[in-house]
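Student: Spelled out from the first residue to the last, the chains are:
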Amino acid sequence: MADDKRIDEPTGVETTGHSWDGIEELNNPLPRWWLWSFYATIVWGIIYVILFPAWPLVTGATKGVLNYSTRANVAADIERVNLSNAELQQSLLNVDLHALDRNEALNAYAVSAGAAVFANNCSQCHGRGAAGVQAAGYPNLLDDDWLWGGQVEDIAYTVRHGIRNEDDPEARYSEMPAFGEILAEEEIDILVQHVRSLAGLDEPVVGGEQLFLDNCAACHADDGTGMRELGAPNLTDAIWLYGGTEEAVSETIHNSRFGVMPPWGERLGEVQVRAVAAYVHGLGGGEQQVAEPVTEAERDAAADVPEASFPASAEETPAEAGAPPVAPVTDDAGPVRLPPLPSD
Amino acid sequence: MSNAPLFAAQEPIFPRRVSGFFRRLKWWILGITLGIYYITPWIRWDRGPNLPDQAVLIDMANRRFYFFWIEIWPHEFYFVAGLLIMAGLGLFLFTSALGRVWCGYACPQTVWTDLFLLVERWIEGDRNARVRLWKAKWDARKWRLRLTKWMVWLLIAVATGGAWVFYFADAPTLARDLVTLQAPMVAYATIGVLTATTFVFGGFLREQVCIYMCPWPRIQGAMMDAGTLTVGYRDWRGEPRGKGSAKRAAVAEDVGEAARVRYGAGADKDVATPRLSRSGETLGDCIDCMACVNVCPMGIDIREGQQMECITCALCIDACDEVMAKIGRPRGLIDYLALDDRPPVLPGEHAAVRPMGTEAEGATTIKPAPGDPAPAPHAAAQPFTAEGSRDWSPQPVWKHIFRPRTLVYTTLWAAIGVFLLVALFIRPEIEMTVAPVRNPTFVTLSDGTIRNTYDVRLRNKHGEARVFDLAVTSTGALDVTLEGQPGTAVTVPPDATQRQRLYVTAEPGSLAATSERTDVRIWAEDRISGEQASRDTIFNGAGNQ
Ligand code: SF4
Ligand code: SF4
Numbered sequence: 001m002a003d004d005k006r007i008d009e010p011t012g013v014e015t016t017g018h019s020w021d022g023i024e025e026l027n028n029p030l031p032r033w034w035l036w037s038f039y040a041t042i043v044w045g046i047i048y049v050i051l052f053p054a055w056p057l058v059t060g061a062t063k064g065v066l067n068y069s070t071r072a073n074v075a076a077d078i079e080r081v082n083l084s085n086a087e088l089q090q091s092l093l094n095v096d097l098h099a100l101d102r103n104e105a106l107n108a109y110a111v112s113a114g115a116a117v118f119a120n121n122c123s124q125c126h127g128r129g130a131a132g133v134q135a136a137g138y139p140n141l142l143d144d145d146w147l148w149g150g151q152v153e154d155i156a157y158t159v160r161h162g163i164r165n166e167d168d169p170e171a172r173y174s175e176m177p178a179f180g181e182i183l184a185e186e187e188i189d190i191l192v193q194h195v196r197s198l199a200g201l202d203e204p205v206v207g208g209e210q211l212f213l214d215n216c217a218a219c220h221a222d223d224g225t226g227m228r229e230l231g232a233p234n235l236t237d238a239i240w241l242y243g244g245t246e247e248a249v250s251e252t253i254h255n256s257r258f259g260v261m262p263p264w265g266e267r268l269g270e271v272q273v274r275a276v277a278a279y280v281h282g283l284g285g286g287e288q289q290v291a292e293p294v295t296e297a298e299r300d301a302a303a304d305v306p307e308a309s310f311p312a313s314a315e316e317t318p319a320e321a322g323a324p325p326v327a328p329v330t331d332d333a334g335p336v337r338l339p340p341l342p343s344d
Numbered sequence: 001m002s003n004a005p006l007f008a009a010q011e012p013i014f015p016r017r018v019s020g021f022f023r024r025l026k027w028w029i030l031g032i033t034l035g036i037y038y039i040t041p042w043i044r045w046d047r048g049p050n051l052p053d054q055a056v057l058i059d060m061a062n063r064r065f066y067f068f069w070i071e072i073w074p075h076e077f078y079f080v081a082g083l084l085i086m087a088g089l090g091l092f093l094f095t096s097a098l099g100r101v102w103c104g105y106a107c108p109q110t111v112w113t114d115l116f117l118l119v120e121r122w123i124e125g126d127r128n129a130r131v132r133l134w135k136a137k138w139d140a141r142k143w144r145l146r147l148t149k150w151m152v153w154l155l156i157a158v159a160t161g162g163a164w165v166f167y168f169a170d171a172p173t174l175a176r177d178l179v180t181l182q183a184p185m186v187a188y189a190t191i192g193v194l195t196a197t198t199f200v201f202g203g204f205l206r207e208q209v210c211i212y213m214c215p216w217p218r219i220q221g222a223m224m225d226a227g228t229l230t231v232g233y234r235d236w237r238g239e240p241r242g243k244g245s246a247k248r249a250a251v252a253e254d255v256g257e258a259a260r261v262r263y264g265a266g267a268d269k270d271v272a273t274p275r276l277s278r279s280g281e282t283l284g285d286c287i288d289c290m291a292c293v294n295v296c297p298m299g300i301d302i303r304e305g306q307q308m309e310c311i312t313c314a315l316c317i318d319a320c321d322e323v324m325a326k327i328g329r330p331r332g333l334i335d336y337l338a339l340d341d342r343p344p345v346l347p348g349e350h351a352a353v354r355p356m357g358t359e360a361e362g363a364t365t366i367k368p369a370p371g372d373p374a375p376a377p378h379a380a381a382q383p384f385t386a387e388g389s390r391d392w393s394p395q396p397v398w399k400h401i402f403r404p405r406t407l408v409y410t411t412l413w414a415a416i417g418v419f420l421l422v423a424l425f426i427r428p429e430i431e432m433t434v435a436p437v438r439n440p441t442f443v444t445l446s447d448g449t450i451r452n453t454y455d456v457r458l459r460n461k462h463g464e465a466r467v468f469d470l471a472v473t474s475t476g477a478l479d480v481t482l483e484g485q486p487g488t489a490v491t492v493p494p495d496a497t498q499r500q501r502l503y504v505t506a507e508p509g510s511l512a513a514t515s516e517r518t519d520v521r522i523w524a525e526d527r528i529s530g531e532q533a534s535r536d537t538i539f540n541g542a543g544n545q
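Which chain is which? The protein sequence lines are A and B, in order. Per UniProt numbering, the first sequence starts with residue 1, numbered consecutively. Per UniProt numbering, the second sequence starts with residue 1, numbered consecutively.
The shape of chain A in the complex, shown without the other chains (with noise of 0.2 Å):
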């Protein structure tokens, strides 16, 4: 009420006339401009409304005449980075495998994009680490040794067709029967044995050797080494994909395992394949092709590829565009000093 309006006395201000339980609110009136820039943003979230989407409906929301969206604009990035690496993928899709690790761009694109491509769609079976799962059989991807090669070639050529896939008649299909069905205990504990002494991990036994002659060698070859084109893994050394306790080899002897994959060639298409075989092969265990000799033209051909669009392996860049070329990096490490390490 307007009547209760008075000067507050300490102060000589005249209060608005309010009064909660007692409680006077003084009346310092706003600077009128602070008035006027309340109004401002009234009609900026009217001029706002109009412009962008802003109401929330049943389905969705308005549009707002600049039809502007967050969606939209990210497919667009996509679609641009797509384009700007069109070229690339070209280039992944048309070189030779063997060849990729000498065009280090291309290389670099390929390793990073199938780290994406790993993380999607392998990464559930193998592992984020790609170290694979042993009590399921799900290969270790880091280390060197291969069922069926580890070279770039070998590893897309996996991808592609999937493993044990019935659909596929060029998928690979590896094959063992489950001797607990064929040989008698005592066999099988014997050629338990064999098998680990030819990993150093067992005494020799008598009468191994020949069980395993006559019913491994025809794929694990005579001296255990494996053969890849059936994906026989090679007995002899410490790699053992279902575990090489003697529980466990005993198990794979008696009924048989083997692992399947699921062919990625069509969903993943040809370039993203590429990529991921090239990743994996990266890992730290990929072979390389028995060394034939490269000609300078497809060294030339190699080299020529687009720049990466994104940045590789320097991931801080230097603060100029066109830094000057990199010193070429010498095989000889130099004499390096190194003080020992402290006795603690």
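These are calculated hints, taken from the structure and not from any lab test. Mixed in with the good hints there might be a few duds.
[What the hints assert, rightly or not] Once the Cα atoms are required to be at most 25 Å apart in a straight line, the calculated SDA-like pairs of lysine to any residue come out as:
id: 1; chain 1: B; residue 1: Lys-142; chain 2: B; residue 2: Val-131
id: 2; chain 1: B; residue 1: Lys-461; chain 2: B; residue 2: Glu-507
id: 3; chain 1: B; residue 1: Lys-137; chain 2: B; residue 2: Phe-204
id: 4; chain 1: A; residue 1: Lys-5; chain 2: B; residue 2: Ile-43
id: 5; chain 1: B; residue 1: Lys-399; chain 2: B; residue 2: Phe-92
id: 6; chain 1: B; residue 1: Lys-142; chain 2: B; residue 2: Glu-11
id: 7; chain 1: B; residue 1: Lys-326; chain 2: B; residue 2: Ser-19
id: 8; chain 1: B; residue 1: Lys-135; chain 2: A; residue 2: Trp-36
id: 9; chain 1: B; residue 1: Lys-399; chain 2: B; residue 2: Pro-344
id: 10; chain 1: A; residue 1: Lys-5; chain 2: B; residue 2: Ala-9
id: 11; chain 1: B; residue 1: Lys-137; chain 2: A; residue 2: Lys-5
id: 12; chain 1: B; residue 1: Lys-326; chain 2: B; residue 2: Asp-301
id: 13; chain 1: B; residue 1: Lys-135; chain 2: A; residue 2: Arg-32
id: 14; chain 1: B; residue 1: Lys-461; chain 2: B; residue 2: Ala-61
id: 15; chain 1: A; residue 1: Lys-5; chain 2: B; residue 2: Glu-11
id: 16; chain 1: B; residue 1: Lys-149; chain 2: B; residue 2: Phe-92
id: 17; chain 1: B; residue 1: Lys-461; chain 2: B; residue 2: Ile-43
id: 18; chain 1: A; residue 1: Lys-5; chain 2: B; residue 2: Pro-5
id: 19; chain 1: A; residue 1: Lys-5; chain 2: B; residue 2: Leu-6
id: 20; chain 1: B; residue 1: Lys-461; chain 2: B; residue 2: Glu-429
id: 21; chain 1: B; residue 1: Lys-135; chain 2: B; residue 2: Leu-115
id: 22; chain 1: B; residue 1: Lys-461; chain 2: B; residue 2: Ile-72
Given chain A's structure and the hints, the job is docking chain B with the ligands onto it.
Tutor: Relative to chain A, chain B with the ligands alone:
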């Protein structure tokens, strides 16, 4: 009873020109700060071929901050954090010693408003001319003066916004691009926004920014105490104010000298020479000439006491000192004062050394000792003499500045500064971080070799590419190989970080291969300078499987 509106129009303020010590000081500070701001981006600094040659540059795209010989990388952001903490503590320090000294002297709002006022005075004249122009009709002359003023303001505003963007890109290049319309949109947008804010804040909103927009005055209020020096009015000397006759009471010829003898140096500023008003009342030293009000850029009357609006620009001190000089009284009726500078009540003495007002107004009012007769506020003048009790003396300025509180702030501030300086000088030119890959912790190779993988980042702060040799030392025999390339040498481009995967292997059956964990140290050595960096980490073996 009046019906005050809820919103009020901005009261126009026409600060008068003033001269004096503080005005000169403020011109100097204005010149120096604006000079630094406008000129700094144009200073060149040679850093070699691969790095920018601008002395001060915030390079957003490449995430670098250059300051003369210093280059700050993103991972060294603690330097910036440290500087911000120092700036914060510095403000605490200055505020607790000198009140809103930042507002009064160094705040961009104050500095640019001062500059805009200078232009305004130069084009439209001093206070009286401006008041007349304000009231005048919008005729040709008024339009001419206003438009000229706005044009000059606009030029300053554009230069201000323009200078800002030069801190973020090579100034000469950007200047050329700006003129030829080749510069990035964000540069034009930034200049546009800063031009608008400079023009509006400096030209029109002025004191409104300090009173209604800026949070700093509220915060500062909490940092001041009764010992903080701030601009104040010696009401005990000035009041009762009035335009009385210039004739002084005959009894007090040399009051100043008497005060000095009795209370010590500086006390003359606290004792008035009483005058008689026409109606015969005894008056203090304030002649109510309104000089202090007319120069105030905030439009307030400091004689009402310290107020929220006061930015302590000290111009009213200069104005009043001018007046005091003219009437032959000591300077300092308006002065840098602390609340506890107010002298206590001295019963039975001259009215000048006595607090004004009521208990509610001055919390520091010292009550008369019991038994003393209560002072009569407007008692007739009694002679002030050099004799008498000396139970009060003016505090020297340094006692207000060197207080435990300010010393603590200074110590903290200096400690952080020293820490940052030391950190700056001992930071290495090459750096390495090593992140062991833990998924999986190790890999068994077909011949039984145990392999660990490490993500190594090598940072080269030199202006040219450097080759680093990598090696590992450990109690066991370990081998090092690099991913994707033969040898153990890594080339790091200039001023960049390079990531390299490093494989460390232990032969089958070796100690490291069969132990759970082995301590290792990974080394990088700059082949040119011999600088070394190392990191300790762990090699995971297969254990006794
Ligand atoms: S300038 Fe000094 S003398 Fe003049 S009114 Fe202000 S305080 Fe009083
Ligand atoms: S009262 Fe006005 S002139 Fe005096 S210091 Fe405060 S803002 Fe400046």
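Student: Hint by hint, note whether the structure agrees.
Tutor: Now the hints, each set against the structure:
Pair hint Lys-142(B) plus Val-131(B) holds up; C-alpha atoms about 12 Å apart against a cutoff of 25 Å. Distance check on the hinted pair: Lys-461(B) and Glu-507(B) sit about 36 Å apart at the alpha-carbon level, beyond 25 Å; violated. A threshold of 25 Å between alpha carbons decides the hint, and for Lys-137(B) with Phe-204(B) the separation of about 19 Å falls inside it, so the pair holds. Proposed proximity of Lys-5(A) and Ile-43(B) is contradicted: the alpha carbons are some 62 Å apart, above 25 Å.
Proposed proximity of Lys-399(B) and Phe-92(B) is supported: the alpha carbons are some 18 Å apart, at most 25 Å. Between Lys-142(B) and Glu-11(B) the CA atoms are separated by roughly 20 Å; this keeps the pair inside 25 Å, and the hint holds. Restraint check for Lys-326(B) and Ser-19(B): the C-alpha separation of about 14 Å stays at or below 25 Å, so the hint holds. Simply put, Lys-135(B) and Trp-36(A) have alpha-carbon atoms about 24 Å apart, close enough for the 25 Å limit, and the pair holds.
Distance restraint check for Lys-399(B) and Pro-344(B): the Cα-Cα separation of roughly 18 Å lies within the 25 Å cut-off, and the hinted pair is therefore satisfied. At most 25 Å may separate the alpha-carbon atoms for a hinted pair to count; Lys-5(A) and Ala-9(B) meet this at roughly 21 Å. Distance check on the hinted pair: Lys-137(B) and Lys-5(A) sit about 38 Å apart at the alpha-carbon level, beyond 25 Å; violated. Between the alpha carbons of Lys-326(B) and Asp-301(B) the distance comes to roughly 21 Å, so the proposed pair stays at or under 25 Å and holds.
Among the hinted pairs, Lys-135(B) with Arg-32(A) is consistent with the structure: their alpha-carbon atoms are about 20 Å apart, no more than 25 Å. Note on Lys-461(B) and Ala-61(B): the hinted pairing holds, with a Cα-Cα distance of about 17 Å set against a maximum of 25 Å. At roughly 24 Å between alpha-carbon atoms, Lys-5(A) and Glu-11(B) fall within 25 Å of each other, so this suggested pair holds. Only pairs whose Cα atoms come within 25 Å are accepted, and Lys-149(B) paired with Phe-92(B) is rejected, the gap being roughly 37 Å.
Pair hint Lys-461(B) plus Ile-43(B) holds up; C-alpha atoms about 22 Å apart against a cutoff of 25 Å. A hinted pair counts as satisfied when its Cα atoms are at most 25 Å apart, and Lys-5(A) with Pro-5(B) qualifies at roughly 12 Å. With a C-alpha separation of about 13 Å, the suggested pairing of Lys-5(A) with Leu-6(B) holds against the 25 Å cut-off. Distance restraint check for Lys-461(B) and Glu-429(B): the Cα-Cα separation of roughly 5 Å lies within the 25 Å cut-off, and the hinted pair is therefore satisfied.
This hinted pair checks out: Lys-135(B) and Leu-115(B) have alpha carbons roughly 24 Å apart, not beyond 25 Å. In summary, the hint linking Lys-461(B) to Ile-72(B) is supported, as the alpha carbons are separated by about 10 Å, within the 25 Å threshold.
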